[in-house]
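**Student:** Given the coordinates of chain A, work out where chain B should sit on it, guided by the hints.
Order-wise, the sequence lines are chains A and B. With the first letter of the first sequence counted as 1, position 101 gets the number 101 in the numbering used here; the numbers rise by one all the way through. With the first letter of the second sequence counted as 1, position 152 gets the number 152 in the numbering used here; the numbers rise by one all the way through.
Treat the hints loosely; a few may be bogus.
[Claimed, not checked] Below, simulated DSS-like cross-link-like pairs (lysine-lysine); rule was C-alpha separation at most 25 Å, straight line:
#1 A:Lys14 x A:Lys100
#2 B:Lys339 x A:Lys100
#3 B:Lys339 x A:Lys94
#4 A:Lys34 x B:Lys339
#5 A:Lys94 x B:Lys234
#6 B:Lys48 x A:Lys157
Think of the hints as simulated: they come from the structure by calculation, not from any bench.
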Amino acid sequence: MALTPAVTDLESLKGHPAVARLLAWNTAVVQQAKFDRGEMTIFIERGSIREACLVLREDPVCEFNFLSDVTCVDWYPAEPRFEIVYHLLSIPNKERVRLKVRLNSASPAVESLTSVWPAANYFEREVFDLFGVRFNGHPYLRRILMPEDWEGYPLRKDYPVEGYR
Amino acid sequence: MILNMGPQHPSTHGVLRLLLEIDGENVVRIMPDIGFLHTGIEKTCEAKFYQQVVPLTDRIDYLCPMTNNLCYVLAVEKLLGLEIPPKAQWLRVLLNELTRINSHLVWLGTHAMDIGAMTVFLYCFREREEILRMFEMVSGQRMMTSYFRVGGIALEPPLGFFDRVRDFAGYFPEKVDEYENLLTGNPIWGMRTKGVATISADDAIALGASGPTLRGSGVDFDLRRDMPYSSYEKFQFKVPVAQEGDVFARYMCRVLELRQSISIVRQALDGMPEGPIKANAPKVVLPDREKMKTEMEALIYHFKIITEGFAVPAGEVYQAVESPRGEMGYYVVSDGTAKPYRVHMRAACLANLQALPKMCEGRLLADVVAAIGSIDIVLGEIDR
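Extracted from the complex, chain A is given alone in its bound form:
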């Protein structure tokens, strides 16, 4: 199973139902798409992530009805620094898609998905706790794993592994 190079050309990825659905809804939303190692990644414009998820969930063909995971990757010192990563699963179609939103390092914030999937609640709190990314519209955005009075965001790349001493 040799690795095939990633496909990043949006034209040739239009056949994928999730990409096709999002493009049909609003072409400005899809910034970029990537098909690599059998997995589809779609970069979404940062203001539209909630609507994009709603579109994918409600679409009768795609039916991405399950939010598997929300996490974040810190690309410090590059800008845009944060990538919020959403893994959606379609239980009827047995298919996954990855949505990504890029955020700058200055007060990173993105719209919360809790109104689409209540499952986003803990996942987003975890990202807030460990990366310091705010989720607007989250019902209870507080630290979840670290103590309430903890300073700093441990999973950021500029945070030392041993912590500050």
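**Tutor:** Quick look at chain B alone, frame taken from chain A:
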């Protein structure tokens, strides 16, 4: 009244703290408070070589170490584009199903004890002990096995291992009958579990519940069958589904899974292919001990893998497996170096725990204990 349950409470299965707002004996609101076991495993992973992360994955969910090992190595193998020989894949399936039985036995024993059936605990741990001994035989460790490697498995199973597993697979179904005799038809067990802590299929999906918690609500979805990995597609098994969505439905799903798992174990034993247990990738897989003593090249590769690790082509993968608790997912990002840029674990329990308030609010306080048991939480996995 606000009642504090945990973090030191026997029925919270670890260090879960629940803030319960109660009105008499009725629960009005539940606020789970987690994080007591947070050890920063995801951060630690970023400072280790790819092969050094395997022992960390055991410690996430200490009841199903092999499942976590498998999920992580599958993710890295996908990043590398490695082909795994059939024998290694079948051994992984075999050990994973034993792990599932192990985990379900702990769940069944503790869950029944929470509700007041003491005997089941002793019976379950009797069989669990045998599984742990088999793990010790094959990996040298009872719980933190770290037996899988990127590219295969660590060692050939020792002589007599397969006979021991076959022996176990022979008598285990009888033991499941024993547990079921004590519980399934027991009217007290029925009163404590039937119609208790119900959750609908739509709510379970919206809250991200997976595994038996989802299947107990009538959603027929199992990653082993629907998105197969490690040649699960070559095994015949049924996915137990129950419609009621209550504690009893989740109990039935898991008990039936015990029987299915032992059938998969038997199939794996019968059809175990011959051949190597490691992939043919000298830059990734450690050479055999014997080769190292005779071949210069093997020695060089060994030295390089141990001191420098192996570089993984840049990219990202999300690999999910069906753990005993639900969808266990590893999201691994590589930047082309020998250390993972980011490892994220999607913990099934974290999502399942979110369903707890939905199950219990408006119900009796005693049902909270039954509900916690029924979602089978492991705090190590939730807090990581």
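**Student:** Work down the list of hints and note, for each, if the structure agrees.
**Tutor:** How the hints compare with the structure:
1. A:Lys14 x A:Lys100: holds, 17 Å
2. B:Lys339 x A:Lys100: holds, 23 Å
3. B:Lys339 x A:Lys94: Status violated; Cα separation ~31 Å.
4. A:Lys34 x B:Lys339: holds, 23 Å
5. A:Lys94 x B:Lys234: Measuring from Cα to Cα gives roughly 18 Å; hence the hint holds.
6. B:Lys48 x A:Lys157: holds, 14 Å
Consistency note: the structure conflicts with earlier hint 3 alone.
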